Each structure stands twice: as structure tokens, then as C-alpha cells.
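Fit chain H to the given chain F structure using the hints.
Chains as they are written, first to last, in the numbering used here: chain F, 1 to 200; chain H, 1 to 200.
One copy or any two copies: either way a pair holds, since identical chains are not told apart in the list.
Under the rule of at most 25 Å between Cα atoms (straight-line distance), these lysine to any residue pairs were calculated in the SDA-like manner:
| id | residue 1 | residue 2 |
| --- | --- | --- |
| 1 | LYS53 | GLY26 |
| 2 | LYS69 | GLU182 |
| 3 | LYS69 | ARG129 |
| 4 | LYS53 | GLN4 |
| 5 | LYS53 | TYR27 |
Bear in mind the hints are in silico, worked out from the structure with no lab data behind them.
Computed from a predicted model, the values in this text were never measured in an experiment.
There are 2 protein chains.
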Amino acid sequence: MAIQGRAVRTRGALVRAAAAEFDEAGYEGARLSHISELAAVSMGALTFHFPAKAALADAVEEEGLAITKALVERLCEGRAPGLEAVIGLTVGLVGLLEEDLVVRSCVRLARERPGGVGRWVEVWLPAVRDQLGQAYADGRSPRVEEVRQTVADMVVYLLAGAESQVRAGAEGPTSVTRSVAERLERIWRLALAGVLFDES
Amino acid sequence: MAIQGRAVRTRGALVRAAAAEFDEAGYEGARLSHISELAAVSMGALTFHFPAKAALADAVEEEGLAITKALVERLCEGRAPGLEAVIGLTVGLVGLLEEDLVVRSCVRLARERPGGVGRWVEVWLPAVRDQLGQAYADGRSPRVEEVRQTVADMVVYLLAGAESQVRAGAEGPTSVTRSVAERLERIWRLALAGVLFDES
Chain F
1 MAIQGRAVRT
11 RGALVRAAAA
21 EFDEAGYEGA
31 RLSHISELAA
41 VSMGALTFHF
51 PAKAALADAV
61 EEEGLAITKA
71 LVERLCEGRA
81 PGLEAVIGLT
91 VGLVGLLEED
101 LVVRSCVRLA
111 RERPGGVGRW
121 VEVWLPAVRD
131 QLGQAYADGR
141 SPRVEEVRQT
151 VADMVVYLLA
161 GAESQVRAGA
171 EGPTSVTRSV
181 AERLERIWRL
191 ALAGVLFDES
Chain H
1 MAIQGRAVRT
11 RGALVRAAAA
21 EFDEAGYEGA
31 RLSHISELAA
41 VSMGALTFHF
51 PAKAALADAV
61 EEEGLAITKA
71 LVERLCEGRA
81 PGLEAVIGLT
91 VGLVGLLEED
101 LVVRSCVRLA
111 RERPGGVGRW
121 VEVWLPAVRD
131 QLGQAYADGR
141 SPRVEEVRQT
151 VADMVVYLLA
161 GAESQVRAGA
171 EGPTSVTRSV
181 AERLERIWRL
191 ALAGVLFDES
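Looking at chain F on its own, in the form it has when it is part of the complex (with noise of 0.2 Å):
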């Protein structure tokens, strides 16, 4: 049992230092000796517990979708749909991007190998179009289909300018005394109203 735990620990570190090498690096970039050096384990472990290079990745990606699908799971839950509950969820979606390297580099990998961004967009965007359909509900419209597949290119559109935001860090463009998620917040309340803000 000390072992199996032993080993556990040893795969949680090397998915991190994983994590973080690819984040870092990308996929072409990432070299297995930093990872064994970030996790502080040797070679030889770490192709015990990952044969290769893509293994690492299989490991990182799994474990950034399945933090998203919990986060999507949780934001959802208990909570009326509609344009507030799509607001919550992107502004929680880039908290996550912020904040977890393993989601972060799990979006990077999802690009950048076969299959592209789409495998880590498909956990939260079922569920935007799923709160979009109850949006708008009442509209009898037929310019409410429109309007609705307009807002979730717009939640695309803002979340995958928030994460390249987010990987600009301190050289990206624009102000970072606020948090990325905290100028999408502001961003989509402007948008709710109308940006062209009259003010009176």
C-alpha cells in the first residue's frame, strides 16, 4: 500500500511538471528530461509511468478536461439558465485558465496535437448553447436563433481572447491591475446593456 501511494504521488508529479513544461513550451517544444527535473524524478520512473512523450500528454489533457467538466458541472447546477448563468460560466472558465496550469496546458495540447481546441471547447460550449436555448425563451422572433448562435461565437470569440490575455501575462497590451476574468466581467456587463452606453 506504501508503494502504491508512493506511486500515485510520483504520477501527480510528473502530470504537473508535465503540465506545466507543455504550457511552457508546447508539445514540439516540451523535453521529458525538464519534466524529470521539475518532478524531481528520475528518468527511469518517469517512463515507468509514461512510455512517451504523448502518454504525458494523454495525462495532462484528461486531467484539465475532467477539472473543466467539474467546474461546468458546478457553475450549472442549481442555477436558472439564461444569459446570467452563461456570464458566470465564461467569467469561471477564464478563472480556470487564470489559475489552474493543468487546464491551461490541457487547452494548449488540445490546439496544438491532432483534434485541435475544439475537444477542450466541446465540455463547456453544449452547455452555453443549452442555457442560450432558455434564453430568449419567450422570444417569438425567428431573429432569436440568430441572436442566439451570435452570443455563443461571442462567448467563443471573448474566451479565446481572455486565454491568449492570460498567456500574454504581464507583456500582454493591455492593463493586468485587473484579472482577465475580472475585464471579461466588465466586458459582457457593457455588452448586456448595449455598448453604445447612453447614458442618459
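Just chain H now, kept in the frame of chain F:
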């Protein structure tokens, strides 16, 4: 003169081939041998014009920034500043990302090399701020400055998101039956009037 003309053509072919290679493989992943093949120019001629990979990347970035600057000037010229000008500029920039390989490659290079994507953003962000300074110009509410900052953030986020959609191409998570520029314009129109979309 004829020889000089040929040298200019060779240089141009190399910059275009380098743009394609950097856009596809990134700075680290790009190979000079691919660029030489793609341009149908010998490695000897390549290194005569560009002694190192960094020199090729500099040339691609420089041309991409110049093309972007020219578009910004053209779109601002003779146009009343304000939100419509901001929308026109954003949509125009995304069109450029969709259609111009040198510009798209320039953005990727700026992001991957020291200095960050800010180099590209700084070509158009001052124009956006300028236009926003004149939008809401009559507003005396203390909130106006905050709204301007939030709209500037929105432009940065939406453009970064649109770039990531352009790169994802057919693999992207949302429909590609419309161009990214068209979808961005729809998002703007909706955000202008307000996502709450009161159809009454």
C-alpha cells in the same frame, strides 16, 4: 538593373515562403530548408539574402506591420471617429488576418519572439483609443472613461479570439459557413444594441 530586379524578386519570394513556413510551424519549428524549397531558391541564395532565421523573421514581421499600418491609415482616413469607425477597423483587421499570410505570420512571430504580440497590437490600438476618445465625447458621466477602457479591452479580446478562430480554420469549434470577419461584425452589432436583445 536586371540583376537587381531579380534580387528583389528573390527576396520577395523568400519573404512570402518564410511567412508560410512561420505561420505553419512557428518560429522554433520553422526550417530554412523548407523555406528554400518553397521559394524555389537555393540555400546559398537564401543565406546571401538572410544570414539567419532571425533575419527572415524580422523581414516577415516588418512587412506584416507595414501592411497593417497601411490598412489602419486607410480605414481611419476621412472617417468620422466613433464606434462605427472602431467596428470598421476591427472587422478590417480580421479580414487581413484571414486573407494575408504575411500579416498572420507576423502576428504569430510577434507573439513567439521577445517583445510579445504587443508589437502588432500597438500598430492599431492607438487608433482604436483615439476613435473611442471621440465616441461618447459628449458624455460627462465619470463612467465614460471606464466604458472606453472596457470597449478597448473588448476590441483586444475579440480580435485575439478571431485570430484564434482563423487559425483553427475548418477544425474550429464553430461553423465556418460565414467568414470570421462576418461573424465578428454580427457580434459587434449585437453588442452595440445590447445582448439583452429586447425585441419588443
